[in-house]
Every structure is written in C-alpha cells, then in structure tokens.
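Protein chains in written order, with the working numbering: chain F, 7 to 144; chain R, 23 to 138; chain P, 3 to 495.
Derived by calculation from the structure, the hints in this document are not laboratory data. Hints may be right or wrong, so weigh each one.
Selected chain R positions facing chain P (Cβ under 10 Å, derived; list incomplete) [what the hints assert, rightly or not]:
1. 44
2. 61
3. 122
From the three backbone atoms N, C-alpha and C, an ideal C-beta is built for every residue, glycine too.
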Amino acid sequence: MNSVILQIASKYVRWMLIIFSVIMLVRGHNLPGGGFIGGLLAGLSLAYKGFAFTPSIFEKEMKIRPEIFMALGLTLIFISLWPGAVLEGTLMQGIWFTIQIPFTEGYKFGTPFLFDIGVYFAVIGVTILFLFSLSDKK
Amino acid sequence: MEILLAIIVGVLYTAGVYMLLRRSIVKFIIGIIFMSNATNLLVFLSAGLVQGNPAFVNATTVDTSHLADPTPQALVLTAIVIGLGMVVFILALKYKYFEITGTDDLDQLKQTDEHS
Amino acid sequence: MNSIALPLLLPFAIAISLLLVRSDKLSKWVGPLGSLAMLAVAVYLNFQLQQNGIMTLNTGGWIAPFGIVLVVDHLSSLMLMVSALIAFVIALFANRNLTEDIPMSRFYFFFFTLNMGVNGAFITGDVFNLYVWFEVMLLSSFVLITLGKKKEQLEGGIKYLALNIMGSMLFLAGLGLLYGKTGTLNMAHLAEILRNDHHASLMSTSMVLFFVAFGIKAAVFPLYFWLPSSYHTPNIAVTSLFAGLLTKVGVYTLIRFFTLFFVQDQTFWHTLLLIVAGLTMVSGGMAAASYYETRRILSYHIISQIGYMIMGLGIFTPLALAGAVFFTIHNMIAKTGTFVAAGLIAKIKGTYELKEVGGLYKQNPVLAILFIIPAFALAGFPPISGFFAKFMLLKAGIDSGQYLITAVALLTGFLTLYSMIKIWNEAFLKKQPEEKSQITEVKLKIMDYMPLAILAAASLLMGLFAPSVFEYVMQTGDQLFEPSAYINAVFKK
Chain F
7 MNSVILQIAS KYVRWMLIIF SVIMLVRGHN LPGGGFIGGL LAGLSLAYKG
57 FAFTPSIFEK EMKIRPEIFM ALGLTLIFIS LWPGAVLEGT LMQGIWFTIQ
107 IPFTEGYKFG TPFLFDIGVY FAVIGVTILF LFSLSDKK
Chain R
23 MEILLAIIVG VLYTAGVYML LRRSIVKFII GIIFMSNATN LLVFLSAGLV
73 QGNPAFVNAT TVDTSHLADP TPQALVLTAI VIGLGMVVFI LALKYKYFEI
123 TGTDDLDQLK QTDEHS
Chain P
3 MNSIALPLLL PFAIAISLLL VRSDKLSKWV GPLGSLAMLA VAVYLNFQLQ
53 QNGIMTLNTG GWIAPFGIVL VVDHLSSLML MVSALIAFVI ALFANRNLTE
103 DIPMSRFYFF FFTLNMGVNG AFITGDVFNL YVWFEVMLLS SFVLITLGKK
153 KEQLEGGIKY LALNIMGSML FLAGLGLLYG KTGTLNMAHL AEILRNDHHA
203 SLMSTSMVLF FVAFGIKAAV FPLYFWLPSS YHTPNIAVTS LFAGLLTKVG
253 VYTLIRFFTL FFVQDQTFWH TLLLIVAGLT MVSGGMAAAS YYETRRILSY
303 HIISQIGYMI MGLGIFTPLA LAGAVFFTIH NMIAKTGTFV AAGLIAKIKG
353 TYELKEVGGL YKQNPVLAIL FIIPAFALAG FPPISGFFAK FMLLKAGIDS
403 GQYLITAVAL LTGFLTLYSM IKIWNEAFLK KQPEEKSQIT EVKLKIMDYM
453 PLAILAAASL LMGLFAPSVF EYVMQTGDQL FEPSAYINAV FKK
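Whole structure, please, built from the sequences with the hints as guidance.
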C-alpha cells in the first residue's frame, strides 16, 4: 500500500494508540479494559507502520525481537504469582495496597495488576509475532 | 433477546459447518471462525442473560441476586483469546502451505494418507 | 500445599528462560535437566501423596467451588510421574535426533509449554481450567508438528489442526451447557450435584459433546483419522513425544469425567464405551497390519491400544479401572519405546520403509534386544509390563461377564503381535535387500541407546515389580470407583 496520508498519519496515530492502550491497561481492573485489550491496541499501534509502508520495513525497524516482549510479559506474570504465596500462604492470592498520590484517593496497586501488565506485554509480543508470520517476508 | 441470540448461534453453526465442507482451505478457515464464534456465544448464553446489571459490586450494593453471572463472561473472554490464537496459527500454516504448493484445494491434501 | 503447582511452574519458568536465551548449546542441557527436575518434582509429589493423602490447592485463596482448584490424587500423581519420565527420555532422544533446520531452543520452548499443558490437564480440578490446559498443549503441539516446515508436515499439520480445533470447540460447547445446567465447573462440586441428581436426559447433550471432544483427542474409533495422517510427518522425536503423551491425556480426561461425575445412565454409556473400545482396537490393529512403514504401523498401533484403555473404563469395576490405568502407563512407556526404536533403525538405515531395511540383528544385537522389550511389552508377553496390564483387563472383563469385548481384546493381541513380529522380521532377521545396501550406514553411539535403554528398563521393571505397581493401581482403581475421598479432599471436609 502506498498512501501518503496514511504514512504521515502513522507517525502521530501510533503514539496516540500507545497512550490509549496504556490508559486501557491502567483502568482495567474494575472498569472495562485490561491487559489483553491494551496489549492488542499497543500491538496494533506497532503494526500501524507496517500497514502504512510495507511489512518488511516494519520488521527491519523493529529493534526489539517480539520474543523479548513475550519473555518480559511472562516473567511479570511469573513474578506476580509469588507474593501471595509468601505473604498469605497461597499461590496467586491477590495482594493489594494503595499508592498515596497527593490530592487524589490514591491508586490501588496489586499483584493482579502486575499480572495484567504481564499480559499486556505478552500480548504485544504475540501480536507482533502473528503479524511477522502472516506478512510477506520477501 | 435470548431467543434471538440462540437463533444466531444456530445460524452461525450452520454456516460454519457449510463452510467447513467446502473444498477451499480459506473457506474452511472461515468455517472454523464461524463455529468458534458460535461456541463462544453459546457459552455466553449458557447461564442466561441479565441486562443492564454488570457484575460489579461496590460498597453500596446490597442485593446481588439480580446481577449478571460473571463466570460465563470470564470463560468467553478466555475462549476468545484462545480462538484468536488458533485462527492466527491456522492462517499462518495455510499461508506457508500455499507458498510451497500453490494450492488452495483440500482435495490436494491426500499425500500423507496414501498407502505406500 | 503450594508445592502442587510445581509441575506447572517449573516448565513455565524454563520456557521463559528459553525464550530469553536462544542458545542452542545451552538448550541441549536445559532440556534433559529441566525434564529431570520435573520427574523429581513428580516423585516428590507422589511421596507427599503417600504421606498425606489427596492434596489440593485453592489457587488465589478462593475456596473450592468458586476458585480453580488443583488436585493431586493417585491417578494424577502416577500420570505426572510417567509423563515426566517420557519427557526426560524424549529430551535425551531429541538432542541427538533433531535435524539442522529445527532450532533447539525453539523446540525446547514448545516442548516445555507442551509439558506444562499436559501436567496442567493432569492436576486441575476444574473443567474450564482443563480446557485451558488442553489448548496450551494443543497450541504447542501444533507448532511442534510443523517445525521444519516440510511439505508433508504442513499437510499433516493442517489435518491435525482441523480435527483438534473441532474437538476443542465441542469441548467448549459441552462445558458451556454443563455450566448452564449445574452452575458450577468444579469437578468435585459437579460430582456432588450430579451424583444426587438423576435427570440423566438433561446431561446427555453435555456428555455426548464431551465424549466426542475427548474421543477426538484420544483417537477412538470413528474419530481417529487425524492421527495416522499426521503422526508420521514430523521429526521422529516429536512423533515419539506425541505418541507417549497426547492421546493419553484424552484418555485420562475420559477416565476422570466418566468416573467422577458423568455416572448417569450407566448401562447406555458403558455399552457405548465398550462398542467404541472394541472397534477402536480392531480397526487400529488391522490397519497397522497392512502397512510396511514403521511410523505408520506404530501410529495405527496407538489407536489400537487406546481401545484397551477405553475398554477398562467401559467395564467399570475397580479392577477394570485399575487395569486401564496400568495399561495407560505401560502403553505410554512402551509406545514411546517402540517409536524411539523406529527412530534408531531409521538413523542407521536412513529410511522408515521396512522393505528397504534388514539384517539389523547381526549388525546391531543391542538395538535388537532393546527393541524387543517394548515391542513384546506391547504384545503382552510375560514378564514385561504389558502382560499384567492386559491380564487385569481380561480378568475384569470375564469377571463382569463381558465376554465379547474380552474376546476382541484377546484377538487384537494377536494382531499386535503380528505387527510387532513383522517389524522384527523385516528389520532385524531378514537379510539386507541387495539393491539398497550401498547406503552409508551410521554407527550409533552410547548416548543414542540411552533413551531406549531407559524405556526398556522401565517397562521391564514394571513387569518384574508388578505386585507393587498392581497395589498402587488397585488403590487408584478403588479411588476412581468410589470418588468420595476426592470430593472430600477438595471441600476439605
């Protein structure tokens, strides 16, 4: 595809999509959103350039291998299993605490959120991997 | 609403089976997508529909009996993710196979079954 | 009881590290050592089980019917041990047999995710969680079966994938209906509800859907077509792994479901199971007899042997269930053993076609002996493991008056023997065909024999120490027949 509008727009829309995906991730626990949908959006934003130019450019410009994203995500998931085992005695038990931020109610942070961040990165990695394997490599 | 969705499930299954029986591999994959969506809807419907009462409880909620059952929603979410992975994998596989053989015909897939 | 989750966490951690470190040299060590660690964990869990009885873990601190519960009972623990042993042996085998075009680290990544899925399916106590582990296992196996990307591999892969995806969808549909009817997916809770509820007709839809879904995974009679058309295409190490683990997970789930909570309308279901078992045995055995390619013979054999396990489930007495369990573990070991032996024959001769090989007995007597142990175990010769497993099944069949299926099982034994003797005659006794003898033959090293030697020894030991194995599987059979201990353990009564 060779569309100038798409190519110029991709520069800006990509970052908007990434910001949006982070918002989706952060609001995720009690409102619609979460790691999976956030990760898909972020993966899509990274793929956006591939659509605007050719997939091979996207692959060339990609500095980090998708496996690294997946490994990061899975490691976060793996880490998030343990605090419950250490503090409460049961694996995967949710541990929550509130981070005090001035002028607000504070932000609730916990192991399920860490799990969600892990899912976010794993999904980004998987999405890119999918796009790699489905795009024309030659 | 449940009846409408039930009919949609049936239609999707029918369309899915029809597409599965076509000769083209791409149509076969479309059939799989239909059937997987039909199954997801079926699971979603299984516990009955509750409209306008999502399963979120806050400090003021007293009566929880009229809330929607969150389990099928969680199941469907997981199933959708898995279904996505499956479909992408079979698409990639089909793509590789097409690259090598240049055929989209399921009838050509006889090699591994031939009696030597 | 957090240690129950170790069979899942260990392969998970290893898989992550393999994703990060993509060194093939390192993977060669990580594979066998990692699976050895899994074996150690499984043995440790079995030891704990003998001490404490059935162990459960409510993940996330959610109590039994609400959260996902992991359960290790006698059956799960046994399956965990045997599957870890298979994994270890296959890791040794793969190290020496993977071809250049398959990157080691990639193979081992999916190897460990596959093992995670298998272990998860064995220890979960929740139907949906079982579905998830099945999918983990399936996705890994999809990648493994197409590693290398040869033409016939992709073709076999498409067939394998198509039928298994269908199976997964039926599983999911059955699960949805089951949830709609009972409002729970916890196996023990389901058992409590369904054992006191006799609305059998309502359950039939779910049962049929589950039966077809697991039938596809376990490759029973009318649903096995994916197996022989895909199992002979990938690398022999992958095939041996699949032969040892995948179909048996299907059998395990059938045993679990149809003993724990699908116990309504027993006469109909057990008759159906017996019919399916008989047809599976005969059709698999006959098809195996007609082929002259080792991998295809052995692939059809997997099907034939699945029939025996289903037969044990269909007779449904404690002895029959124990026999089915004994047969399953014996088959996992012996079947993998014969596939590994086929791989070694092919490594020496460069082909799987029996008509093109020969003279191996004179050339390589060690391989001949190592082949004959798992082969005769499959055929059911005393004093190797298969004899006792078959004997238990046949005795259970005669005791409960199921003479027809017992006769079929006996006759299938001859078919098995025929194909095993065919491989023996063609590959080992017959002279090397003249026109093919100019192929350069590969000499095997000691490490090549290791995997087969371990499996043969395991099979032999299971035969020689049959009384203690018998005692264990009888305990398992009793527990499956009367699962109140399982239910009580889950609800901590």
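### Query
Should the interface hint for residue 44 of chain R be scored as holding, given a Cβ-Cβ cut-off of 10 Å against chain P?
Violated. Min distance 13 Å.
### Query
Holds or violated: residue 61 of chain R as interface residue toward chain P, Cβ cutoff 10 Å?
5 Å, holds
### Message
Holds or violated: the hint that residue 122 of chain R contacts chain P, with Cβ atoms closer than 10 Å.
### Response
Given a least distance of 5 Å, the restraint on residue 122 of chain R holds.
In terms of the numbered hints stated before, the structure departs from hint 1 and from no other.
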